[in-house]
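Trainee: The hints should help you fit chains B, C, D and E onto chain A, whose structure is shown.
Chains as they are written, first to last, in this note's numbering: chain A, 1 to 342; chain B, 1001 to 1342; chain C, 2001 to 2342; chain D, 3001 to 3342; chain E, 4001 to 4342.
In short, the hints are calculated from the structure, not lab data.
Everything numeric in this text was worked out from a predicted model, so none of it was measured.
The beta carbon of each residue, even a glycine, is placed where N, CA and C say it ideally should be.
Each statement offered as a hint is correct.
With a cut-off of at most 25 Å between alpha-carbon atoms, the simulated DSS-like pairs for lysine-lysine come out as follows: (1) C:K2153 x C:K2035; (2) C:K2313 x D:K3313; (3) D:K3153 x D:K3035; (4) A:K153 x A:K35; (5) B:K1153 x B:K1035; (6) E:K4313 x D:K3313; (7) E:K4035 x E:K4153; (8) E:K4313 x A:K313; (9) B:K1313 x A:K313; (10) C:K2313 x B:K1313.
Computed footprint of chain A on chain E; a stretch qualifies when at least three of its residues, placed anywhere within it, have a C-beta under 8 Å from a C-beta of chain A: (11) 4139-4147; (12) 4262-4269; (13) 4274-4280.
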Amino acid sequence: MPPAGSSPGTLAAPAEASPTVLSVTAYNARAVIEKAGVGIDDIAALRTDGNIVWVDCTGFRDMEPIRALGEMFALHRLALADVVNLQQRAKYEDYGEHAFLLLRMVDAENPTETEQLGLFLGPDFVLTFQERAGDNFRLVRNRLLDAQGQMRKRGGDSLAYALIDAAVDGYFPVLESIDDRLGELEGAILSAQQRTPAIADLHATRRCLLDLRRAAWPLREVASALVRGESPHFSGDVRPYLRDVHDHVVQLLDLLENYRELSSSLLDLHLSLVNHRLNEVMKVLTIIATIFIPLTFIVGVYGMNFECMPETKQWWGYPAVLLLMVTIAAVMLRWFRRRGWL
Amino acid sequence: MPPAGSSPGTLAAPAEASPTVLSVTAYNARAVIEKAGVGIDDIAALRTDGNIVWVDCTGFRDMEPIRALGEMFALHRLALADVVNLQQRAKYEDYGEHAFLLLRMVDAENPTETEQLGLFLGPDFVLTFQERAGDNFRLVRNRLLDAQGQMRKRGGDSLAYALIDAAVDGYFPVLESIDDRLGELEGAILSAQQRTPAIADLHATRRCLLDLRRAAWPLREVASALVRGESPHFSGDVRPYLRDVHDHVVQLLDLLENYRELSSSLLDLHLSLVNHRLNEVMKVLTIIATIFIPLTFIVGVYGMNFECMPETKQWWGYPAVLLLMVTIAAVMLRWFRRRGWL
Amino acid sequence: MPPAGSSPGTLAAPAEASPTVLSVTAYNARAVIEKAGVGIDDIAALRTDGNIVWVDCTGFRDMEPIRALGEMFALHRLALADVVNLQQRAKYEDYGEHAFLLLRMVDAENPTETEQLGLFLGPDFVLTFQERAGDNFRLVRNRLLDAQGQMRKRGGDSLAYALIDAAVDGYFPVLESIDDRLGELEGAILSAQQRTPAIADLHATRRCLLDLRRAAWPLREVASALVRGESPHFSGDVRPYLRDVHDHVVQLLDLLENYRELSSSLLDLHLSLVNHRLNEVMKVLTIIATIFIPLTFIVGVYGMNFECMPETKQWWGYPAVLLLMVTIAAVMLRWFRRRGWL
Amino acid sequence: MPPAGSSPGTLAAPAEASPTVLSVTAYNARAVIEKAGVGIDDIAALRTDGNIVWVDCTGFRDMEPIRALGEMFALHRLALADVVNLQQRAKYEDYGEHAFLLLRMVDAENPTETEQLGLFLGPDFVLTFQERAGDNFRLVRNRLLDAQGQMRKRGGDSLAYALIDAAVDGYFPVLESIDDRLGELEGAILSAQQRTPAIADLHATRRCLLDLRRAAWPLREVASALVRGESPHFSGDVRPYLRDVHDHVVQLLDLLENYRELSSSLLDLHLSLVNHRLNEVMKVLTIIATIFIPLTFIVGVYGMNFECMPETKQWWGYPAVLLLMVTIAAVMLRWFRRRGWL
Amino acid sequence: MPPAGSSPGTLAAPAEASPTVLSVTAYNARAVIEKAGVGIDDIAALRTDGNIVWVDCTGFRDMEPIRALGEMFALHRLALADVVNLQQRAKYEDYGEHAFLLLRMVDAENPTETEQLGLFLGPDFVLTFQERAGDNFRLVRNRLLDAQGQMRKRGGDSLAYALIDAAVDGYFPVLESIDDRLGELEGAILSAQQRTPAIADLHATRRCLLDLRRAAWPLREVASALVRGESPHFSGDVRPYLRDVHDHVVQLLDLLENYRELSSSLLDLHLSLVNHRLNEVMKVLTIIATIFIPLTFIVGVYGMNFECMPETKQWWGYPAVLLLMVTIAAVMLRWFRRRGWL
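So that you can see chain A by itself, here it is in the shape it has in the complex (with noise of 0.2 Å):
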């Protein structure tokens, strides 16, 4: 993000970006072009009439092709500089020209991070922004080659469409890794030994939930205002599709509360279990110590170098004293088994 008080629509290349590149893929209901690491020349090149124009940039390290796009495709300068704003909130704007999409997807190559995806749909142009590289989107591409699919014959609103459905659909994996991991954890705590730090990765996946979360939740409202249809970008007959998204994310969203729900249990099942445990170890050394201190008192008593003790003279001295422990610890016994201890 630019230091507070600089000016709005600042380009700001983030700390730690990959490289720059940009691919295009050029079609029509006819035909398709697809070239990888190309120039602000090429594209050009390819933007001729008929045809839809899909650039797809990966990596903000550097801003001059990205300043490019931005003149090329007339986008919007706020847009642009929140395209490159890492940690953005997923929104979707319409600029009149073009409609304007921003929200996290997760990265393909590491999934347990999310990374930002800025989508731009204009009539003849669809531009996808990806904050690193990687194969989200190869299922969308594969079909768009594919001479027999439907995709090519429909305009850029069905191939903006099938990014945004991949980008929510690719949540989905990740949730069932959290359920699988939510689950070993839950055998991991109740199994007794309980010797790996099951809560340090219960803490892990909390956290986990936590990311995501902050990244779908906003996507949310960006379905609702794309469901709700009020950008003459998208035709009426992706609507359906629209609403299949929306439902995607609210169903999203569901899961990932259950998940929060049931780690927060699982915490509670650990705390009472460790609890549990500590008592059952108590009870076991009070036991222990509370019948054989006294009866070790005792016997320090006949240890006493007094020469004038008497019951140490006597033959029945020594079976009187062990009858004595013995009917000690047989009381503190029945005792305990009256207070449910054993």
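Mentor: Using the frame of chain A, we list chains B, C, D and E on its own:
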């Protein structure tokens, strides 16, 4: 769920699905025909004028009959894909030609699980798609077979209402069993022994409540949409009955919320009691140890083998030490009593 | 509740219901007739021109008189089924011919439980269906019998208001008793001994609050619907009084919420104090054990029977060891004092 | 509160009410007359043309003067019943002839309690009913008595505003004292000794916050209703000032919420620190016990009186045992250090 | 805050305020004049046609210059009183002649505290009132001084936007430092030693989050009001930029909520780990004590000085007792292993 990025409306058989079985019930005011294990052609043959056809499809292993049903009744492809895409959120959608409902109901065979139910209502047909074979709709079928019953005289919307009502009411017996379980848990927690791991049971119950809530929560929106009555597929006569369904859903959610809070309160109770008992145990240990450790030290002193210990040579040494120890024990006991430990 | 899938509007007597008893009060501005334990025919006889008839039905064991009442007053079958279907949510519905209210009120005989009240208001009748016999409406009946009272000069809506008001106000004494109980629990928790299982009492109180909240929460919607005044069955004169009922319901919910938070705070207090006391107990044990265990070890050393222990032969051996032990104890005590344990 | 079922608008003196005292202030742009401890007739005499009359009634022991005021100013009977019915929720109602406000304010004499204030605003009168005698409105009265002040030139709505403003602003000093108390508690909890029962103080503060919140929460609705300005009793000139009152109420609720969260955080801190210290105590005990218990066992072995114990006869026996014990202690200490306990 | 009941709009200098310093920047498309430490007359002189005047007032010790500014620019007295009344809630109000904004921003000198900022926007002036001197607006001032910059060509609303934007963006560096601190705390809690009182640090961070949230929460309403664009003081060109401010505020609140949950999760982690370690400690103690206490008792028995103890006279007595003790220890160890304690 098909992989992220695949074409919308893809029919993908879920993992571990039961085999697909179709059964059909065709009825009008005068007659009812019921056939189980039928093929697509049998259904087509029964779809004559004046008949209302109810096709019940259980199990989603084979996509072929499902796709054929979709074609025969002109079902929307997104709706059909939702039907076999498990773990969907309950929803209600009106596709013009037919209304579509998706909801989760309690599995009649295994009441701790829920299964997905898809329902299509058209002018002369009702289609139900159940995730697993089971007897959820036996009573509704019987009412249809009953020659005296009112249902066969009414339209398909009345049948659809009856099926939705049965699906919703199927939750209540499960809630009653949870109520019983919570009552038992409360008894187990309050009773002093607590040998059984009540806390793991409590966690299982909370998990079950979480699952039920996730299944039941979106039902509210569905029921509201039905009551608002924007669909032409439900006639005005059925409206008050749909309001009844809505009331039941709200009651269901109230109960779920109630049990959730009750289980939280039980957990607090459990933790408090465990702490309380730990405290009791520690008090016993502390009292015993605090009294006897100093006494044992004293008898140890007179057990030392120094040649020059004048007290041990006197006749009053032994009784004096015994008296000293009784005094110490009495002082300690009084101090404990004053602190409220006894 | 009838089994899932049965026909809507089925009248099913709840399990363990009290016997059904009808009583009737017919009044106009000049006269009042009151009869208890009447049959259907007695009621029909009193239903003459100018009379307002209040039928009070308690206990739902016999469905016959209830069904007969339904026919006589042309009650909607779903409403009538709701009346005898216990554990329903409070609701208000206008069936054109008559208004229907369902709510839970405190059982006058057993104030820790709630019972269901169904109320029908028609142009010349008020019907009340109480789950259990009891004296909830004695004061209202007395105001009706009072020749000077205003109530008999007004219509049935005024009587219905008085009954609803009495049902709502019946909650307040229960809340006062809960307030007292929480005060006592606070005292018990803060007082040092805590012999009584205050925590189980606290849990019972929380459970009671949960039940009351579940019963009272939907009253808010009912009261709001009444205040909005969409029903033609309540005249404009009664409107300000209904607003008063609404205010009481909101106050009731405020109090319930307040007590709930107070009980949570008490639980926290209890846990903190138990922990605090455990800490105190452990400190005492640790101080005693930490001082005496090393000393006991030292006296044990000189209790060993080695023939060759030079110190034991010297005259200064015994006092030197005593001095050593006093020094150790003093050092330990000082260390404890510095840690703030003493 | 009168018993459930009694006639609406019944005036019932609350238990333990203070004696009823009336005082009156009549003013116009030129003159002010103030009288304390007056009767009904004095008030009637001052109610002449052009005068605005402010009657302040404190204490609700005697219903007679209150009933007389109700008649003289034609107050609505439900409003008048609300005034003396304590523990009511704050509300604002417009009865056509006059506006009615009910709210809770901090008791000037005893700032940890709140008292009820009823306020009626008519075309030429302002009536205030305070639950207890006290000096909440001294500053407002002074502004009225000040010949230079603007207030006496304005209407009764301006006086009503000033009174409401004073009632709301009276909460802030209490919040400041709570802020101070929480600060002290934080210090007490963080300081190591913790001799004083900080936790009971914290509970008392939380309880106080709960009471304040219950009193202040409904003020928001009242203030919103005033700002919306639907009442003809408040002129447009007073509107911006009412908005100021609304802002203060919202700020008040923000602060209350803040202190509530802060007190929760303090409780967590307390619990964590108690646990931390318990852990420390237990470590000390465990280290001491774990080192000395085995050593004490060894010296016990050589304290046995068997005639045939060869080691005890050797000259090297005693030093060898001493060496063995030093070794054991050293190994144990190293093990503790490796576990991070030292 | 002035005492409750004082006249509205009273200007009261807050306690411990910094001295009041005025500085002024007058600009138009061609020139900029900047003066620090000016008097009222200097400002009046710069207020000529075509100029936009920005007066920045820091510190509220002296009321005189503030009152004079209020008169010169005809500010509403309630707004002016709000400016110097600290701890106010953020708000936005349109007084016709000028718009008024009040918000809290991070103090540039001391980033853990917030300070109050009042901002007036009129047709040809912008006034800012900062609670404390500080450099929050240096970058904005520089953009104004930059002859190439766009800002001086635009109106006062553009300057006001830049100031609000700077105030909002000033929160983000503080959030980043909190993120870092939470990360360090997580490390400290997870690392085994935990010598440092991580829990007190965590509490301080939570308290800081609470303060920030209280400051930032009402910004949302302010930003929404600005975006809704009802004010004539902000031109349509500035609208998209205000939407950007709104997005930043929402992102800010998201982050605050996230950190709050993260800190709760850290607290849970801490408590769990402390409990876990306590359990470990207790197990060690219990194992040691449970093995050696019975053995110590046995050796005590044979340390008794009875004359008649037959075993002590036999040659096999000593080895038999040793063997017995080894057996007991072995049995105990096996039992512990079976319970999973070893």
